[in-house]
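Work out the full structure: start from the sequences and follow the hints.
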Amino acid sequence: MADERLQAAVAAAVLPAEEDFGELLRSIVVVARAIFGAQASSIFLLDEDTDELVFAAVARDEDRHLVGRRIPSSQGVAGWVLSARTPLVLEDVRNDPRFSHDVAENTGYVPKGLMAVPLLHDDEPLGVLQVLDRPERSTFSLAEMELLGLFATQAAVALSLLRKARRARAALAGDADATSVAAVAERLERLEGPRREAGRRLLEALARVLR
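Per our numbering, the sequence shown starts with residue 14, numbered consecutively.
Please keep in mind that the hints were generated in silico from the structure rather than gathered at the bench. The C-beta atom is built at its ideal place from N, Cα and C for all residues, glycine as well. There may be inaccurate statements among the hints.
[Unchecked claim] Ranges between beta-carbon positions, derived for each pair:
1) D62 <-> G206: 38 to 46 Å
2) E137 <-> A47: 54 to 62 Å
3) H78 <-> G206: 30 to 38 Å
4) D33 <-> D135: 20 to 28 Å
5) G35 <-> T63: 18 to 26 Å
6) K125 <-> S40: 21 to 29 Å
7) K177 <-> E149: 14 to 22 Å
8) V80 <-> A47: 13 to 21 Å
9) H114 <-> D33: 29 to 37 Å
10) P85 <-> G206: 33 to 41 Å
[What the hints assert, rightly or not] When the alpha-carbon atoms are kept at most 16 Å apart in a straight line, the in silico EDC-like pairs for lysine to aspartate or glutamate are as follows:
11) K177 <-> D33
12) K177 <-> D76
13) K177 <-> D146
14) K125 <-> E159
15) K177 <-> E104
16) K125 <-> D109
17) K125 <-> E149
18) K177 <-> D62
19) K125 <-> E104
20) K177 <-> D135
21) K125 <-> E205
See below:
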């Protein structure tokens with residue numbers, strides 16, 4: 014048990030801060046929006062404890078207030094894509110029963126069309142990537158689907174690491190020994206240049222020993 018707590022402390026220190034993950038996820042949706050010429054893009058993270066989808070990143074500055082907002086994981090296109098673990102393209106959402114107009118209205122943006130893909134890591138559903146209102150075209154090409162899959166892979170890896178970081182840090186709560194290790198690691202993170210890099214290598218080496 015002590016080894017597990019120590020591993021959690023090391024993991025919490027080695028993994029980047031949550032703000033770093035947020036910026037990484039935002040960079041993914043910003044690039045996805047630009048590549049597809051879309052009006053908006055977002056990433057949802059599945060909260061298993063509450064069975065909700067949480068806005069984890071948005072591409073538009075005016076949508077940043079949505080980050081942290083929650084919707085039931087069974088609602089809307091995002092909920093369907095998560096449950097079915099299947100990408101979905103809707104050129105016109107108005108006549109599709111999977112689209113929830115109420116959910117969209119609550120976000121302040123009601124799209125005409127969208128693309129959504131599940132974020133899977135080791136076949137575990139972690140969330141959903143959406144791209145809203147790309148330029149109208151007659152067909153959705155295979156190349157576009159493959160490209161959307163690449164963005165989904167990047168986002169899934171980031172979300173997987175984010176979950177590990179949260180679980181590791183949660184494991185430290187109330188544990189004095191583990192918290193002490195994390196405190197040392199936090200001080201190492203405040204260092205700059207070669208000293209910070211040397212500190213990170215030390216923690217990573219310790220993590221390998223404890224595996």
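Hints and how they fare:
Our hint of 38 to 46 Å for D62 and G206 holds, since their Cβ atoms are close to 39 Å apart. Taken as a hint, the range 54 to 62 Å is violated for the pair E137 and A47, whose Cβ atoms sit roughly 29 Å apart. For H78 paired with G206, a C-beta distance near 37 Å keeps the hint of 30 to 38 Å intact. Separation of D33 from D135 is about 22 Å and conforms to the stated range, judged on CB atoms against 20 to 28 Å.
Between G35 and T63, the C-beta spacing of about 19 Å keeps the proposed range 18 to 26 Å intact. Judged by the Cβ atoms, the range 21 to 29 Å given for K125 and S40 holds: they are separated by roughly 26 Å. The supplied range of 14 to 22 Å is broken by K177 and E149, whose beta-carbon atoms lie about 40 Å from each other. For V80 and A47, the hinted distance range of 13 to 21 Å is satisfied, since their beta carbons lie about 19 Å from each other.
For H114 and D33, the hinted distance range of 29 to 37 Å is satisfied, since their beta carbons lie about 35 Å from each other. For the pair P85 and G206, the beta carbons lie near 47 Å from each other, so the given range of 33 to 41 Å is not met. Taking the CA atoms of K177 and D33, the gap is near 14 Å; set against the 16 Å cutoff, the hint holds. Under the criterion of a C-alpha separation no larger than 16 Å, the hint pairing K177 with D76 is inconsistent with the structure, at around 27 Å.
Taking the CA atoms of K177 and D146, the gap is about 33 Å. The hint is violated against a cut of 16 Å. For the suggested pair K125 and E159, the alpha carbons sit about 22 Å apart, so the restraint of at most 16 Å is broken. At most 16 Å may separate the alpha-carbon atoms for a hinted pair to count; K177 and E104 exceed this at roughly 36 Å. At roughly 11 Å between alpha-carbon atoms, K125 and D109 fall within 16 Å of each other, so this suggested pair holds.
For the suggested pair K125 and E149, the alpha carbons sit about 10 Å apart, so the restraint of at most 16 Å is met. With a C-alpha separation of about 15 Å, the suggested pair K177 and D62 falls inside the 16 Å cut-off, and the hint holds. A hinted pair counts as satisfied when its Cα atoms are at most 16 Å apart, and K125 with E104 qualifies at roughly 7 Å. Proposed proximity of K177 and D135 is supported: the alpha carbons are some 14 Å apart, at most 16 Å.
Our distance criterion of 16 Å between C-alpha atoms is broken by K125 and E205, whose separation comes to about 48 Å.
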